[in-house]
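A.B. asks: Heads up: the protein sequence lines correspond to chains A and B, in order. Each number in the numbering used here corresponds to the 1-based position in the first sequence with 682 added. Each number in the numbering used here corresponds to the 1-based position in the second sequence with 682 added.
Please note that the accuracy of each hint is not assured.
Because identical chains cannot be distinguished in the list, a pair is counted as satisfied if it fits within a single copy or across any two copies.
Computed cross-link-like contacts, EDC-like style, restricted to lysine to aspartate or glutamate with a CA-CA straight-line distance of at most 20 Å [stated by the list, open to error]: (1) LYS881 <-> GLU800; (2) LYS881 <-> GLU847; (3) LYS761 <-> GLU797; (4) LYS761 <-> ASP884; (5) LYS773 <-> ASP824; (6) LYS740 <-> ASP854; (7) LYS862 <-> ASP827; (8) LYS879 <-> GLU729; (9) LYS873 <-> GLU715; (10) LYS766 <-> GLU698; (11) LYS740 <-> ASP771; (12) LYS873 <-> GLU800; (13) LYS758 <-> ASP790.
These are calculated hints, taken from the structure and not from any lab test.
In case you want the letters, here they are:
There are 2 protein chains.
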Amino acid sequence: MKSGNKRKAPSDQVSELTTNRLSIYLRCLNRLEQAGVDTISSQALAEQFHLNAAQIRKDLAYFGEFGVRGVGYYVKDLKLHLRKILGLDRKLRVAVLGAGNLGQALADYPGFGREGFEIVAMFDTAAEKIGDQSRSGVPIYDIRDLKKMARRERIDIGVMAVPAEAAQSVLDMAVAAGVKAILNFSPGAIKIPLGVKLKSVDLTVSLESLSFYLAQGGEGE
Amino acid sequence: MKSGNKRKAPSDQVSELTTNRLSIYLRCLNRLEQAGVDTISSQALAEQFHLNAAQIRKDLAYFGEFGVRGVGYYVKDLKLHLRKILGLDRKLRVAVLGAGNLGQALADYPGFGREGFEIVAMFDTAAEKIGDQSRSGVPIYDIRDLKKMARRERIDIGVMAVPAEAAQSVLDMAVAAGVKAILNFSPGAIKIPLGVKLKSVDLTVSLESLSFYLAQGGEGE
Chain A
683 MKSGNKRKAP
693 SDQVSELTTN
703 RLSIYLRCLN
713 RLEQAGVDTI
723 SSQALAEQFH
733 LNAAQIRKDL
743 AYFGEFGVRG
753 VGYYVKDLKL
763 HLRKILGLDR
773 KLRVAVLGAG
783 NLGQALADYP
793 GFGREGFEIV
803 AMFDTAAEKI
813 GDQSRSGVPI
823 YDIRDLKKMA
833 RRERIDIGVM
843 AVPAEAAQSV
853 LDMAVAAGVK
863 AILNFSPGAI
873 KIPLGVKLKS
883 VDLTVSLESL
893 SFYLAQGGEG
903 E
Chain B
683 MKSGNKRKAP
693 SDQVSELTTN
703 RLSIYLRCLN
713 RLEQAGVDTI
723 SSQALAEQFH
733 LNAAQIRKDL
743 AYFGEFGVRG
753 VGYYVKDLKL
763 HLRKILGLDR
773 KLRVAVLGAG
783 NLGQALADYP
793 GFGREGFEIV
803 AMFDTAAEKI
813 GDQSRSGVPI
823 YDIRDLKKMA
833 RRERIDIGVM
843 AVPAEAAQSV
853 LDMAVAAGVK
863 AILNFSPGAI
873 KIPLGVKLKS
883 VDLTVSLESL
893 SFYLAQGGEG
903 E
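Sequences are here, hints too, so could you generate the full structure?
C.D. replies: Below, the structure is given as structure tokens:
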């Protein structure tokens, strides 16, 4: 189904902020579809979800002509387009590296499955965890088998949830196993090998924006 | 130490993207300080951490005159300034709402303590968890005691890690207990009461930017 000659958006021309916004639009469209809404204008979409209408039009125009004059966007159609742009039109197979509390929580996070991500395996070093499974049934394997399993299970994305001191060696193992994209929850510095896309989630940044809000007078006194 | 008449940055004039960048600068300065670096130019800071020098200068200039011509920024000084701007010059007391895997992982997340956030309590409904504690020693209380405990423990921020179907009622309880800022990890729609700042972390968005990367040719075939 891929038409190589019509590809409009090489990843290096589209910033991560844009893809984050596309994800958010997709989330809004999901809600509209659930609410039975068939069409929506960029203006109404912006108002309902506290977004910017001009930004929506610009972001979407980059990938094609999705709006219909006088109608706006067809919710179902735009949703399918966005899923395709974001590469969500196929199942993506995900392994969670580290089966501690965070790893287990991520393996069972209900949002992932809903958007087409399939958590197929967890990996850990602890003998008492290997062979066990998460609450939702994701099996835990020995991290020494990562290379073998990553091939067998066709892992697309690794989610790292290991202690800071283990992060570098686990990342290197994942890359050696052929995993091309990593979502990293481990804090601390890390050297990113060539040929892999790593996205770090620093949970502290989110807390600090709340701290800023409180410091600027949100204290209610 | 607060000089109210010189306050330059009411929270509604500074976007969340800016505060997120300030957090990231702070993280970089921490690393520079650990590495023994005394001064750094915006240019060098940008190069070393893949940031934008003009953006750094603009973000910082908004809050004051921190750079020194011919020197750049004093790492220690700028770090203290940023901590103050972000409201991190005092301990912030955090409660985690929900003591499942995610709640427990967040309660024990080592990054929080390092930046001055103190996780003082978890709350849950499950009788077998109440009275227990997380691996790092955060006690778990009955969520019905949230109001009483939030006062006694002077909770500044609530971190919500409950199932989607419990999110709204737990948020309402937190607000009723006087918590003014919420970091929300629960997926799904939620009505935000007036007078509270809620920041939602949607872990799926991060995964989708990796999916986009893979879809655009990161597959390595």
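A.B. asks: Taking each numbered hint in turn, which are not upheld by the structure, reported in ascending numerical order?
C.D. replies: Violated hints (numbers, rising): 5, 6, 11, 12 and 13; every other hint is consistent with the structure.
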